[in-house]
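Chains as they are written, first to last, in my numbering: chain D, 1 to 469; chain H, 1 to 469.
Among these hints, one or two may not hold up.
Identical copies look the same in the list; a pair holds intra-copy or inter-copy alike.
Said to hold, decoys possible - Here are the computed lysine to aspartate or glutamate pairs in the EDC-like style, where the Cα-Cα straight-line distance is at most 16 Å:
hint, residue 1, residue 2
1, K90, E176
2, K90, D40
3, K108, E74
4, K165, E213
5, K165, D198
6, K319, D360
7, K121, E268
8, K165, D141
9, K90, E117
10, K165, D236
Just so you know, the hints here were simulated from the structure itself, not pulled from any lab data.
Number of protein chains: 2
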Amino acid sequence: MPHPLFTPEIREMLVENDEDGLRTLCETLHPATIAEALDDDDIGVEDVWRLLGTTDLRTQASLFEYLPMSRQVELAEGPARPQVARLIGKMSHDDRVDLLRRLPTRVKESLLRLVDEADRKDIATLVSYEENSVGALMTTDYAWVPPSLTAAEAIDQLRQQAPDKETIYCVYVLGEPTRRPDGGVSPRKLLGVVSLQDLILAPRHALIRNLMEEEIVSLRVDDTRSDAAETLARYDFIAMPVVDANDALVGIITHDDVLDVIQQEATEDLQRQAAVSPIAGSYLEARFGNVWYNRAKWLTLLFVLQTGTVYVMDRYEDKLAVAALVSCLPLVLSVGGNAGSQAATLVVRALALEEIDVLDWLRVLGRELLMGGALAALLGLLGLIRTWIATPSDMVGHDSEVLTRLTYVLGIAVALICLWGTLLGSMLPLFFRRLGFDPALISSPAIATLSDVSGIIIYANVAALFFVQ
Amino acid sequence: MPHPLFTPEIREMLVENDEDGLRTLCETLHPATIAEALDDDDIGVEDVWRLLGTTDLRTQASLFEYLPMSRQVELAEGPARPQVARLIGKMSHDDRVDLLRRLPTRVKESLLRLVDEADRKDIATLVSYEENSVGALMTTDYAWVPPSLTAAEAIDQLRQQAPDKETIYCVYVLGEPTRRPDGGVSPRKLLGVVSLQDLILAPRHALIRNLMEEEIVSLRVDDTRSDAAETLARYDFIAMPVVDANDALVGIITHDDVLDVIQQEATEDLQRQAAVSPIAGSYLEARFGNVWYNRAKWLTLLFVLQTGTVYVMDRYEDKLAVAALVSCLPLVLSVGGNAGSQAATLVVRALALEEIDVLDWLRVLGRELLMGGALAALLGLLGLIRTWIATPSDMVGHDSEVLTRLTYVLGIAVALICLWGTLLGSMLPLFFRRLGFDPALISSPAIATLSDVSGIIIYANVAALFFVQ
Numbered sequence: 001m002p003h004p005l006f007t008p009e010i011r012e013m014l015v016e017n018d019e020d021g022l023r024t025l026c027e028t029l030h031p032a033t034i035a036e037a038l039d040d041d042d043i044g045v046e047d048v049w050r051l052l053g054t055t056d057l058r059t060q061a062s063l064f065e066y067l068p069m070s071r072q073v074e075l076a077e078g079p080a081r082p083q084v085a086r087l088i089g090k091m092s093h094d095d096r097v098d099l100l101r102r103l104p105t106r107v108k109e110s111l112l113r114l115v116d117e118a119d120r121k122d123i124a125t126l127v128s129y130e131e132n133s134v135g136a137l138m139t140t141d142y143a144w145v146p147p148s149l150t151a152a153e154a155i156d157q158l159r160q161q162a163p164d165k166e167t168i169y170c171v172y173v174l175g176e177p178t179r180r181p182d183g184g185v186s187p188r189k190l191l192g193v194v195s196l197q198d199l200i201l202a203p204r205h206a207l208i209r210n211l212m213e214e215e216i217v218s219l220r221v222d223d224t225r226s227d228a229a230e231t232l233a234r235y236d237f238i239a240m241p242v243v244d245a246n247d248a249l250v251g252i253i254t255h256d257d258v259l260d261v262i263q264q265e266a267t268e269d270l271q272r273q274a275a276v277s278p279i280a281g282s283y284l285e286a287r288f289g290n291v292w293y294n295r296a297k298w299l300t301l302l303f304v305l306q307t308g309t310v311y312v313m314d315r316y317e318d319k320l321a322v323a324a325l326v327s328c329l330p331l332v333l334s335v336g337g338n339a340g341s342q343a344a345t346l347v348v349r350a351l352a353l354e355e356i357d358v359l360d361w362l363r364v365l366g367r368e369l370l371m372g373g374a375l376a377a378l379l380g381l382l383g384l385i386r387t388w389i390a391t392p393s394d395m396v397g398h399d400s401e402v403l404t405r406l407t408y409v410l411g412i413a414v415a416l417i418c419l420w421g422t423l424l425g426s427m428l429p430l431f432f433r434r435l436g437f438d439p440a441l442i443s444s445p446a447i448a449t450l451s452d453v454s455g456i457i458i459y460a461n462v463a464a465l466f467f468v469q
Numbered sequence: 001m002p003h004p005l006f007t008p009e010i011r012e013m014l015v016e017n018d019e020d021g022l023r024t025l026c027e028t029l030h031p032a033t034i035a036e037a038l039d040d041d042d043i044g045v046e047d048v049w050r051l052l053g054t055t056d057l058r059t060q061a062s063l064f065e066y067l068p069m070s071r072q073v074e075l076a077e078g079p080a081r082p083q084v085a086r087l088i089g090k091m092s093h094d095d096r097v098d099l100l101r102r103l104p105t106r107v108k109e110s111l112l113r114l115v116d117e118a119d120r121k122d123i124a125t126l127v128s129y130e131e132n133s134v135g136a137l138m139t140t141d142y143a144w145v146p147p148s149l150t151a152a153e154a155i156d157q158l159r160q161q162a163p164d165k166e167t168i169y170c171v172y173v174l175g176e177p178t179r180r181p182d183g184g185v186s187p188r189k190l191l192g193v194v195s196l197q198d199l200i201l202a203p204r205h206a207l208i209r210n211l212m213e214e215e216i217v218s219l220r221v222d223d224t225r226s227d228a229a230e231t232l233a234r235y236d237f238i239a240m241p242v243v244d245a246n247d248a249l250v251g252i253i254t255h256d257d258v259l260d261v262i263q264q265e266a267t268e269d270l271q272r273q274a275a276v277s278p279i280a281g282s283y284l285e286a287r288f289g290n291v292w293y294n295r296a297k298w299l300t301l302l303f304v305l306q307t308g309t310v311y312v313m314d315r316y317e318d319k320l321a322v323a324a325l326v327s328c329l330p331l332v333l334s335v336g337g338n339a340g341s342q343a344a345t346l347v348v349r350a351l352a353l354e355e356i357d358v359l360d361w362l363r364v365l366g367r368e369l370l371m372g373g374a375l376a377a378l379l380g381l382l383g384l385i386r387t388w389i390a391t392p393s394d395m396v397g398h399d400s401e402v403l404t405r406l407t408y409v410l411g412i413a414v415a416l417i418c419l420w421g422t423l424l425g426s427m428l429p430l431f432f433r434r435l436g437f438d439p440a441l442i443s444s445p446a447i448a449t450l451s452d453v454s455g456i457i458i459y460a461n462v463a464a465l466f467f468v469q
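For reference, chain D alone in the conformation it holds in the complex (with noise of 0.2 Å):
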């Protein structure tokens, strides 16, 4: 969304050419303020270029990050390539990978042709890895020093580094180079890390092998973004090391990216809930044939799995004849899908936190016996009124003891599929668990299809106890 205030303003300038103002902007203003301003649909791509091109590149670079992706991605693709290319020079690593990963192959090596060497290999390594790993998630531009320095020496270091890391607040001491049988050289080894904050409140000449910190807290470069985000939330770092197989630091992940896999994982959490396979991009801007897909998909297996209440309908029906049976029927099947929706929700999101596991089952199937019981409670005594409430037309004329007979099969089935509802959603989400399957799977609807084909059984078979046919 465009913002009230600096959008007309920027606007304004740049019909003006106002290069000075809008200078000033770029140089006073947060660059996220700005690239929120530039979200609107009055501003091209050539008037992004304008406003880029009267600050220094290392503005540019970050005000470049804090475009949405579809706008990075169409500055990429015009004709502006070594614009481009000096600008992903300047890029964080894990900012710039993220864009390569998302142009055109073409474009993408007709901007990489243009790069500095070391970028070309430092991109080449971090988009090796696989999407969902910490190695694409991880920035190669972290601060380091050798533990043979002083503190004084190492924050000289670390003055040097700084304008081209992504934090200086952790720092990571590394050890010397391995040369490798074959001849190449071997990253360097994590040692240890210090903090800023250590370097600063420790005497100058300590060295820096006494105030690290030994016992590391690090990640794998091929562990899922996931861990690392579980991991940095654990531990409220600003920062963690990655490692690979032979412990030599490759990378960080920085607690800004781990905010956004939050995000992300919660957003996808929320579709599969709903039975949607996760959307990659914003609503308005996924892509629709990929949205069609990822809703058809559930909605085919559920219809399919749906059918089974036809069978079960077919084979049942003369036990549910009476007609005001077959009126209350979807009122009855609705408990069952909404009480198991609940349950299925809240073990689902408990095994995503590790509040719970799989070896769990039997407390939770005692909480959710007693829950489903006292629901079920609440429910069938509202099932029970509900005749009292509002008589069926088709009950009007009919004597008094059908109408009893109405009573007690809605009150008892109502709260049989109440209870059966939540049962099914709390065990089939740790059953799913069990099988190695993600939990997250047991969607709501899908909770819902299985307990109506489960509850038509039960209602008939309620019925059955009272209308004898």
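With chain D held as given, fit chain H onto it using these hints.
Showing chain H alone in chain D's frame:
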């Protein structure tokens, strides 16, 4: 969950009363790791105190902060009041308020009597903010300097402040306190922000007033937690200043607090989507009565709404007199609920992430009309072929013309209900937001319920077109 490696080690040390071992462990491992290792049923309150007792007060406090809230409350409610009061004196200002909020009034008061006057005042201020506000989330232990210092003097001052501050990486520049008309002293105005990185990079004699960033992105003390999370996530800050109505600095919000808010809000959104009111505490620890109430109230509301289906069934019963039509009813209705849940979830999440706004309703409508149409085409086709795959048993023996009619009814009704559910799911959240309600109240079960009521009408009317009574 207990820690696989350190839990057994700690248990053994406790049994052997190995104080040195426990002390070494506390001093080498990250407090989060120790806290995790203590999360074991066999390690009692007494044991935790014994372990804490081996180390200095500052380590004790940071370890205590990482314990799960339920454990903290258990320790605080125990007999060791003076020890707890000493810990409270050293804890993060936001964490200790969180703890005190959760203690029974009697315990809280007896603890506060044992705490320093300055700490008591600070606690009283923080407790006074609304639970959901930035004020309740922030901490008051920020690092600050006056604008008249040089960079070198500021670093010296930070050296002294560091041990008591939540972070010294963001340093706030504050003005002189002003005297209020009533004789009291107003808090100091926030003049600027300077990062430790900038201080290190600056020449030793540069003045803070020239180094500081004056275009400050800040939060107001009465902003919501979501505002804080959204702003910090957008700007990638480590910390953000919180000011009162007079622009005086009253606290800071740090990146790790925001991470917790984002996790918690995601959990609440998931719960709301499944028609559960947000539940406080983890799955196994949440109070049974509270969970029951937060589930029961929605089940009750949905049950009452769903009784609409009974009326509708009553009215349209004669149009559904063919047995096979009734057999297919749950199948046909489920399509609307499933397609509607998908649309509602996508739109509610897009609203929460501010990807769309109420004003975008026409674009959303256009997109979901197309999407609903494309999904309806697929499902309608599935509905059509449904009867070929498996003919409902009570259709066997019927003439082929009846079968053909049923085929058409299913295909058309499924397509229409799919489209209708999609529109309902996408438009209702926008309508709720427009009316000033939380769009997240549109849960998947609520959409399923509403789509059931209207779905019966659609199905019955399509049926009536083909099966004239």
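Going down the list of hints, with the structure as the test:
no.	hint	verdict
1	K90 x E176	neither (27 Å within a copy, 40 Å between copies)
2	K90 x D40	neither (25 Å within a copy, 49 Å between copies)
3	K108 x E74	within (13 Å within a copy, 58 Å between copies)
4	K165 x E213	neither (21 Å within a copy, 20 Å between copies)
5	K165 x D198	between (19 Å within a copy, 13 Å between copies)
6	K319 x D360	neither (39 Å within a copy, 50 Å between copies)
7	K121 x E268	neither (33 Å within a copy, 43 Å between copies)
8	K165 x D141	within (5 Å within a copy, 28 Å between copies)
9	K90 x E117	within (14 Å within a copy, 51 Å between copies)
10	K165 x D236	between (20 Å within a copy, 15 Å between copies)
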